[in-house]
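Here the sequence shown is numbered in this note's numbering, starting from 574 and rising by one per residue.
No wet-lab data here; the hints were simulated from the structure. Treat the hints with care, since some could be wrong.
Straight-line distance between alpha carbons at most 27 Å, and here's what the computed BS3-like set of lysine-lysine pairs gives [stated by the list, open to error]:
#: 1; residue 1: Lys659; residue 2: Lys641
#: 2; residue 1: Lys646; residue 2: Lys752
#: 3; residue 1: Lys989; residue 2: Lys811
#: 4; residue 1: Lys646; residue 2: Lys623
#: 5; residue 1: Lys795; residue 2: Lys752
#: 6; residue 1: Lys795; residue 2: Lys623
#: 7; residue 1: Lys899; residue 2: Lys811
#: 8; residue 1: Lys766; residue 2: Lys992
#: 9; residue 1: Lys766; residue 2: Lys795
#: 10; residue 1: Lys752; residue 2: Lys811
#: 11; residue 1: Lys659; residue 2: Lys922
#: 12; residue 1: Lys766; residue 2: Lys717
#: 13; residue 1: Lys659; residue 2: Lys708
#: 14; residue 1: Lys992; residue 2: Lys922
#: 15; residue 1: Lys922; residue 2: Lys1024
#: 16; residue 1: Lys795; residue 2: Lys708
#: 17; residue 1: Lys795; residue 2: Lys641
#: 18; residue 1: Lys646; residue 2: Lys795
#: 19; residue 1: Lys659; residue 2: Lys623
#: 20; residue 1: Lys1024; residue 2: Lys811
#: 21; residue 1: Lys954; residue 2: Lys925
#: 22; residue 1: Lys623; residue 2: Lys752
#: 23; residue 1: Lys646; residue 2: Lys708
#: 24; residue 1: Lys811; residue 2: Lys992
#: 25; residue 1: Lys795; residue 2: Lys659
#: 26; residue 1: Lys659; residue 2: Lys717
#: 27; residue 1: Lys899; residue 2: Lys925
Keep in mind that this is a model prediction, so the values were computed, not measured.
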Amino acid sequence: MIAHIDTLRIQRLWLLAGATLLCLTLSGVLAFFITRNSFKVSKVLEHRSKHDPLTGLLNRHGFENEIKHHTSKTGALLFLDLDQFKLVNDLCGHSTGDDLLTLLSQRFASSLPDTALIARLGGDEFAIFLPTCSKILAEDAAQKLLTLIQNHPFSSQGRLFALNGSIGISILEEKTHYKDLIARADTACYIAKERGTGHIAHSSDMDYQHEQLQLSMSWAAKIPEMLQHNRFVLFYQKMENLQDPATTTGHAEILVRGIDEDGQIIPPGVFLPAAERFHLINRIDRWVAQSALQRQLPANMLFSINLSAPSLADAAFLETLVEWVKTSTLLGTLICFEVTETIAMTDMKSAKRFISTLRALGCRFALDDFGCGFSSFSYLKDLDVDYLKIDGSMIRNLERNESDVALVTAIIQMAKALKLRTIAEFVENDTQREILRTLGVDYAQGYAIHKPEALPILDPEK
574 MIAHIDTLRI QRLWLLAGAT LLCLTLSGVL AFFITRNSFK VSKVLEHRSK
624 HDPLTGLLNR HGFENEIKHH TSKTGALLFL DLDQFKLVND LCGHSTGDDL
674 LTLLSQRFAS SLPDTALIAR LGGDEFAIFL PTCSKILAED AAQKLLTLIQ
724 NHPFSSQGRL FALNGSIGIS ILEEKTHYKD LIARADTACY IAKERGTGHI
774 AHSSDMDYQH EQLQLSMSWA AKIPEMLQHN RFVLFYQKME NLQDPATTTG
824 HAEILVRGID EDGQIIPPGV FLPAAERFHL INRIDRWVAQ SALQRQLPAN
874 MLFSINLSAP SLADAAFLET LVEWVKTSTL LGTLICFEVT ETIAMTDMKS
924 AKRFISTLRA LGCRFALDDF GCGFSSFSYL KDLDVDYLKI DGSMIRNLER
974 NESDVALVTA IIQMAKALKL RTIAEFVEND TQREILRTLG VDYAQGYAIH
1024 KPEALPILDP EK
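Please build the complete structure, drawing on both the sequences and the hints.
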């Protein structure tokens, strides 16, 4: 009996030992799989933390980490910002904007060396680090990127967008901290954008830019005082009717000039950039519009008045402008407001409201600087304008550049199909004027036609 009990105990001990061994084995296997899967998950999470989910490029965190630990002690960093990318999102939707960013990312990757680090820092901002790259080679790489962007228009929903960008460059030296490298390239990109679309700037330009900023700030402080003391004056520049020289109704653009303490004329290029930069341009718009509409002007002349983006979006200013037009001695049909193509496309809703309200009073509208931005012809059907002012960049070298002639011809044909009249800006010689006349441009404006002069003050009693 005792032997039987001992046998049972031994069997139970063996069963317990086997079960324990099985549990340990299963625990080991389970721990192995958990560890392996955890490793995989951690690798995925680490990759996601360093890469942009849309383009697959490095994100800001990953980019900074790579540069921080990069073995190269010299190189160049390019900070690229797409110009007016917001228009693609506004006109076609954010999914289309995402498609554009993905496409550009692929093009950048295929055009740059394998050693290059490429990142999307957010929005439409990209950064490229080129190890052991000199300043000259960095500028060459930046120009190639801009050319790549410019030579591949983006098409979506029947619209063709001519793309462009701005690039800032900073050079890595042995004592340069990686955060300073990125910050300086970012600032250089801002300098490039200030110069206009499609520009490249170096971080070494920052000292000059600082001087320019100080100068702009100085003018920003002077402008309110100039407005308060009425130290502005209206000029005008006549246009020539190329197709009907005998017409009795002229056309002129009203311009603004400043007056310094000594009574000398200040060109608009001196103070207007500061006014735009420091959000004072709408106050100058108000002064110009009020001064022009509340004075006696020649009755046989159509006058154009420029409006900025802040003015176009200001509902209160629109109400005031309506009252000035109603009480003006000038008929509404002899008042034309000019807005730039970029402004109209950026805030289409405000532009359409502004135009429709003033057209009800007989006023006309011109789309200025046409051809320098995205120039999607399809949106013109939604804007009730009368004139297209062809950007001066296509006129300055018209007699020497066949591409400009082709572009101007295309704009003229499109304008005629939409029953719009065309105005060519910056006509500087008789050769350009005759080419434009032959092509069918309706009006020419520039120094070859009329040099700006002070707008005459008429006696209302005469």
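Evaluation of the provided hints:
1. As the CA atoms of Lys659 and Lys641 are separated by approximately 32 Å, the hinted pair breaks the 27 Å bound.
2. For the given pair, Lys646 sits about 14 Å from Lys752 by alpha-carbon distance, which is consistent with the 27 Å threshold.
3. A C-alpha spacing of about 23 Å is found between Lys989 and Lys811, which places the hinted pair at or below 27 Å, so the restraint holds.
4. In summary, the hint linking Lys646 to Lys623 is supported, as the alpha carbons are separated by about 22 Å, within the 27 Å threshold.
5. Proposed proximity of Lys795 and Lys752 is contradicted: the alpha carbons are some 37 Å apart, above 27 Å.
6. Our distance criterion of 27 Å between C-alpha atoms is broken by Lys795 and Lys623, whose separation comes to about 48 Å.
7. Taken as a hint, the Lys899 and Lys811 pair is honoured in the structure, with Cα atoms around 24 Å apart against an allowance of 27 Å.
8. With a C-alpha separation of about 35 Å, the suggested pairing of Lys766 with Lys992 is violated against the 27 Å cut-off.
9. Between the alpha carbons of Lys766 and Lys795 the distance comes to roughly 25 Å, so the proposed pair stays at or under 27 Å and holds.
10. Distance restraint check for Lys752 and Lys811: the Cα-Cα separation of roughly 53 Å exceeds the 27 Å cut-off, and the hinted pair is therefore not satisfied.
11. Restraint check for Lys659 and Lys922: satisfied, since their Cα atoms lie roughly 15 Å apart, inside the 27 Å limit.
12. Taking the CA atoms of Lys766 and Lys717, the gap is near 17 Å; set against the 27 Å cutoff, the hint holds.
13. With a C-alpha separation of about 31 Å, the suggested pair Lys659 and Lys708 falls outside the 27 Å cut-off, and the hint is violated.
14. With a C-alpha separation of about 23 Å, the suggested pair Lys992 and Lys922 falls inside the 27 Å cut-off, and the hint holds.
15. Simply put, Lys922 and Lys1024 have alpha-carbon atoms about 36 Å apart, too far for the 27 Å limit, and the pair is violated.
16. Restraint check for Lys795 and Lys708: not satisfied, since their Cα atoms lie roughly 39 Å apart, outside the 27 Å limit.
17. Distance check on the hinted pair: Lys795 and Lys641 sit about 45 Å apart at the alpha-carbon level, beyond 27 Å; violated.
18. With a CA separation close to 47 Å, the supplied pair Lys646 and Lys795 exceeds the 27 Å bound.
19. At most 27 Å may separate the alpha-carbon atoms for a hinted pair to count; Lys659 and Lys623 meet this at roughly 25 Å.
20. For the given pair, Lys1024 sits about 8 Å from Lys811 by alpha-carbon distance, which is consistent with the 27 Å threshold.
21. Of the supplied pair hints, the one linking Lys954 and Lys925 holds, its CA atoms being roughly 11 Å apart against a limit of 27 Å.
22. Restraint check for Lys623 and Lys752: the C-alpha separation of about 17 Å stays at or below 27 Å, so the hint holds.
23. Proposed proximity of Lys646 and Lys708 is supported: the alpha carbons are some 14 Å apart, at most 27 Å.
24. The suggested pairing of Lys811 with Lys992 holds, with an alpha-carbon distance near 23 Å, which does not exceed 27 Å.
25. Distance restraint check for Lys795 and Lys659: the Cα-Cα separation of roughly 33 Å exceeds the 27 Å cut-off, and the hinted pair is therefore not satisfied.
26. The suggested pairing of Lys659 with Lys717 holds, with an alpha-carbon distance near 23 Å, which does not exceed 27 Å.
27. Restraint check for Lys899 and Lys925: the C-alpha separation of about 20 Å stays at or below 27 Å, so the hint holds.
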